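> Sequence lines, in order, name chains A and B. Here the first sequence is numbered in numbering that gives the first Met the number 0, starting from 0 and rising by one per residue. Here the second sequence is numbered in numbering that gives the first Met the number 0, starting from 0 and rising by one per residue.
Don't read these hints as lab results, they were simulated from the structure. Since the structure is predicted, the reported quantities are computational estimates derived from the model, not experimental observations. Some hints could be false.
Listed next, the in silico EDC-like pairs over lysine to aspartate or glutamate satisfying Cα-Cα at most 16 angstroms (straight line) [claimed, not checked]: (1) LYS63/B <-> ASP45/A; (2) LYS36/A <-> GLU78/B; (3) LYS70/A <-> GLU51/A; (4) LYS70/A <-> ASP80/A; (5) LYS31/A <-> GLU43/B; (6) LYS3/B <-> ASP45/A; (7) LYS9/B <-> GLU33/A; (8) LYS63/B <-> ASP115/A; (9) LYS42/A <-> GLU129/B; (10) LYS63/B <-> ASP82/A; (11) LYS42/A <-> ASP144/B; (12) LYS36/A <-> GLU129/B; (13) LYS3/B <-> GLU33/A.
These stretches of chain B come out as covered by chain A in the derived footprint (C-beta under 8 angstroms, 3 or more residues) [claimed, not checked]: (14) 2–13; (15) 28–36; (16) 50–63; (17) 75–87; (18) 101–109; (19) 117–128.
C-beta: ideal position from N, C-alpha, C; glycine also.
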Amino acid sequence: MNAAGQVKAQGKVLVNGAEMISSESYPAVMPKAEAAKFIANLKSDDTAKRSEQVIASSRDTMRAALEGYVKTLGAASQALDLDELFAQAHEIRGLAATAGFDVAGKMANGLCLYIDALDGGAADRATIRLHVEAIERVVSGEDAGAIANVVAEELTALVIRKLGEAKALGLPG
Amino acid sequence: MSGKQFDYLKALVVEDNPHMRELLRTLLNALGIKKVAEAADGTEGFKELCATAPDFVLTDLSMKPMDGIEFTRLVRASEDAPNPYVPIVMVTGHTERNRIEAARDAGVTEIIAKPITVQGLFSRVAEIVERPRPFVRAEQFFGPDRRRRIKREFKGPWKRFDDEVEIR
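Construct the entire structure; sequences and hints are all you get.
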């Protein structure tokens with residue numbers, strides 16, 4: 000370590016001016032002897048079982064949280080509050096897949112990308128509404144499987160088209 | 000929670016969603032890692048990193064005000080970072096090629112796509128412990144070597160016939 004407490008690697012190999020730093024020359028996550036114990040524990044059936052239980056028991060909490068975000072998303076859609084729409088869609092895209100609603104995560108991600116690309120420009124109310132309703136249907140269990148996937152693909156195509164139209168008109172987004 | 004404990008290990012979880020943060024922390028606890036610092040975005044994450052000097056970091060990608068890519072750049076470049084070589088595992092729902100490349104170019108060590116699975120998380124943690132990657136310091140980049148494929152005919156640190164190699 001240097002005076003500032005920063006780790007400096009020892010031993011340098013330069014390739015076209017780029018310095019190659021071997022993993023032996025900077026601090027390991029843990030000493031080799033400890034690493035063997037850690038990996039054995041990580042790969043044990045006992046750890047796998049315990050960890051699967053953690054994921055399973057978190058699913059209900061995730062689902063309840065997701066339903067809360069979807070509710071707030073609906074209210075933000077009514078008010079066409081883009082900041083709140085983005086915030087809620089962002090939470091949904093981060094949580095949906097782990098809560099068992101992958102496709103709602105994809106739809107929410109599409110909504111985030113759409114709002115982000117608007118860059119302060121006017122939003123198309125129908126595009127927002129279609130996304131929000133589709134997410135609501137997936138999380139409520141009304142749409143699932145192939146139907147939900149087709150809707151997600153159509154929504155992606157819609158976002159691409161709307162952003163293309165905005166660009167052609169010289170509007171932001 | 001029973002199982003072996005690894006009291007000397009410290010991890011940092013940087014994730015803006017409290018539920019996801021809790022899940023990651025609990026999974027690390029299940030691995031026997033009890034010292035898990037937490038932060039809700041990159042700015043807070045960097046402060047925690049400086050305060051706790053973790054052995055590895057799990058970070059989300061999309062966060063405000065500072066996202067996971069900026070956070071990674073800061074960890075790799077800042078003089079204040081206690082260990083610029085610290086393994087950074089990015090947990091992300093974004094699988095678009097440009098976002099993954101941006102994360103890699105910022106110096107991320109491993110990437111896990113959401114949804115989080117036990118196998119996905121543990122395989123990345125095992126990777127950073129068992130196979131630490133060499134680092135590259137170039138004019139525009141500092142981070143783990145981005146070349147993953149190893150060619151059988153490759154015999155040295157250089158990749159091209161006319162590469163200039165200097166050992167110091």
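> Three residues or more, CB to CB closer than 8 angstroms: is that satisfied between the segment 117–128 of chain B and chain A?
Our answer is that it holds, as 6 residues pass the Cβ test (under 8 angstroms) against chain A, meeting three.
> Given the hinted pair LYS42/A and ASP144/B, is their Cα-Cα distance within 16 angstroms?
violated (26 angstroms)
> Does ASP80/A lie within 16 angstroms of LYS70/A when you go C-alpha to C-alpha?
holds (14 angstroms)
> Holds or violated: are the alpha carbons of LYS63/B and ASP82/A at most 16 angstroms from each other?
holds (13 angstroms)
> If you draw a straight line from the CA of LYS36/A to the CA of GLU129/B, is it 16 angstroms or shorter?
holds (11 angstroms)
> Does the structure keep LYS42/A and GLU129/B at a Cα separation of 16 angstroms or less?
Distance of about 12 angstroms is within 16 angstroms: holds.
> Quick check: do three or more residues in the segment 101–109 of chain B have a beta carbon closer than 8 angstroms to a beta carbon of chain A?
violated (count 0)
> Measure nothing beyond the straight line between the CA atoms of LYS63/B and ASP115/A; if it is 16 angstroms or shorter, mark the hint as holding.
holds (13 angstroms)
> At least three residues with a C-beta closer than 8 angstroms to a C-beta of chain A: is that true for the segment 75–87 of chain B?
With 8 residues closer than 8 angstroms to chain A, the segment 75–87 of chain B meets the three-residue bar; holds.
> With a C-beta cutoff of 8 angstroms, work out whether three or more residues of the segment 50–63 of chain B approach chain A closely enough for the coverage to hold.
n = 4 at 8 angstroms, threshold three: holds.
> Measure nothing beyond the straight line between the CA atoms of LYS63/B and ASP45/A; if it is 16 angstroms or shorter, mark the hint as holding.
violated (37 angstroms)
> What's the verdict on LYS3/B and ASP45/A, does the C-alpha distance respect the 16 angstroms limit or exceed it?
Since the Cα atoms of LYS3/B and ASP45/A sit roughly 10 angstroms apart, the hinted pair holds (cutoff 16 angstroms).
Against the hints set out earlier in the document, violations occur for numbers 1, 2, 3, 5, 11 and 18.
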